[in-house]
Amino acid sequence: MSERAREPATVPRRKLRVATASLAGCFGCHMSLLDIDERLVDLLELIELDASPLTDKKRCGPCDLGLIEGGLCNAENVHTLRAMRANCKILVAVGACALNGGLPAQRNHIDVRDCLQTAYLSGPGVERGFIPNDPELPLPLAQVHPLHDVVKIDYFLAGCPPSAEAIWQFLTDLIAGRTPVTTHGLIRYD
Amino acid sequence: MTDAPAPQTFQMDGHDVAFAPGQSIMTAALAAGRYIPHLCFHPEFTAHGSCKVCTVKVNGQPHASCTTPARAGDVIESDTDELTQLRLNLVQFLFTEGNHFCPSCEKSGGCTLQGVAYELGMTTEHFSPLFPDRPVDASHPDVLLDFNRCILCELCIRASAIHDQKHVFALSGRGITKHLIVNAESGRLADTALALSDKAMTVCPVGVILRKRQGFAVPIGQRPYDRQPISAVATAHPDPEDGHE
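Residue numbers (the numbering used here), protein chains in the order written: chain A, 1 to 190; chain B, 1 to 245.
No lab work stands behind these hints: they were computed from the structure. Warning: the hint list may mix true and false statements.
What the hints assert, rightly or not - A short, non-exhaustive set of chain B residues, derived as facing chain A with CB atoms under 7 angstroms:
id, residue
1, S108
2, Y118
3, T123
4, T124
5, E125
6, F127
7, S128
8, F131
9, D133
10, Q214
11, G215
12, A217
13, G221
14, P229
What the hints assert, rightly or not - Here chain B is said to cover these stretches of chain A; the calculated rule only asks that three of the stretch's residues, wherever they fall, bring their Cβ under 8 angstroms from a Cβ of chain B:
id, segment
15, 123–133
16, 153–160
Using N, Cα and C, we set each Cβ at its ideal position, and we do this for glycine too.
Looking at chain A on its own, in the form it has when it is part of the complex (with noise of 0.2 angstroms):
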């Protein structure tokens, strides 16, 4: 047999289905993955977005890769993860808050009471102010917590934010089948 003839036949690629989501974060980590550039055109041609802020499509439907940013700071939150992990075979945490809470679980020694009283009645500048409370608002929660406090993480993506770099590295080592490499550089925790 030649060696031709052992070849497997050419089966054109499916395009892997990612979902992505913006939690209790800054939409930084989106900006950044954005910041691929002119590469985003090479990444659509092995990918295509499912849920997402970017197609705006609410509701995750099944998906190879789920990358999500910020934690968890209310129900909702918690509600869109659980979805999300239902969904997508890999998920993966993006970003300082989506791995330690970041920046909105400085909150976290704060009852949540005075938080809100604070920020809505009783702080500076503050005139005839009220606590929201429409029923379609998700209720805070407690403390912000980490992705991996709720559900299974598989990657770990460091970074406020990971740089395009980091995250044209990661995406791309993924999507070929290699473990995503971090050298020096590629992880930074800001």
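Based on these hints, arrange chain B on the given structure of chain A.
Just chain B, lined up with the frame of chain A:
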């Protein structure tokens, strides 16, 4: 007149490391350009081996390399998957026991805890964070104490007691409640003898003891561990712990 004796050596990760009498495994290894991750060790102070991050295996037995004397013929393992995992877990415990928010920390980029975590390839803190409530002490006109980042290495205690002869710092409590205190009846740093010129001002490996009005002086990209990993910095300089530049 006698000939100088041939230097004695031990073997570390398959390499011969020469040492002088009185050197620990840590000091001999660093002098030979071989980095062993460490937090509470500082070349200017007596080692006390409390953080255990520098644990190596000496002839198969785990020892803190900063307190174990170098001995001729010993076979030492340091750069192994098993020891890296052990060190990683210790560092992850430290991250989750305190409040280590690198993006808002003045010491970021020059922090030994952060540099060691990078060196160990830490991508996650793994454990559930404890988020302890540790108010800062901003009473001193020139110095801020941010207890959130303390890793109990005792370097400031040693520097203040031994070098500065002031005993400004101490540890109080036990176990998870152990914490850094200052030597003043009021408990406030402003009421201690601490001065900006003290050695204790320069040894903190993390962002606890900070000069006021000097934060973020070095731009991102030019800080000590932006340019090269801590293993390269520590083996290139005699005093790698001082991240202040």
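Structure-based check of each hint:
1. S108: Result: holds, 4 angstroms to nearest chain A Cβ.
2. Y118: Because about 5 angstroms separates Y118 (chain B) from the closest Cβ in chain A, which is inside the 7 angstroms limit, the hint holds.
3. T123: Holds. Min distance 4 angstroms.
4. T124: holds (4 angstroms)
5. E125: At 5 angstroms from the nearest chain A Cβ, E125 (chain B) passes the 7 angstroms test, so the hint holds.
6. F127: violated (9 angstroms)
7. S128: holds (5 angstroms)
8. F131: With a closest approach of 4 angstroms, the F131 (chain B) hint holds.
9. D133: With Cβ-Cβ at 4 angstroms, under 7 angstroms, it holds.
10. Q214: Interface hint status for Q214 (chain B): violated (18 angstroms vs cutoff 7 angstroms).
11. G215: violated (13 angstroms)
12. A217: violated (15 angstroms)
13. G221: Cβ of G221 (chain B) sits 10 angstroms from chain A, so the hint is violated.
14. P229: Check passed: Cβ of P229 (chain B) comes within 5 angstroms of chain A, closer than 7 angstroms.
15. 123–133: Violated - the segment 123–133 of chain A has 0 residues with a Cβ nearer than 8 angstroms to chain B, which falls short of three.
16. 153–160: holds (count 6)
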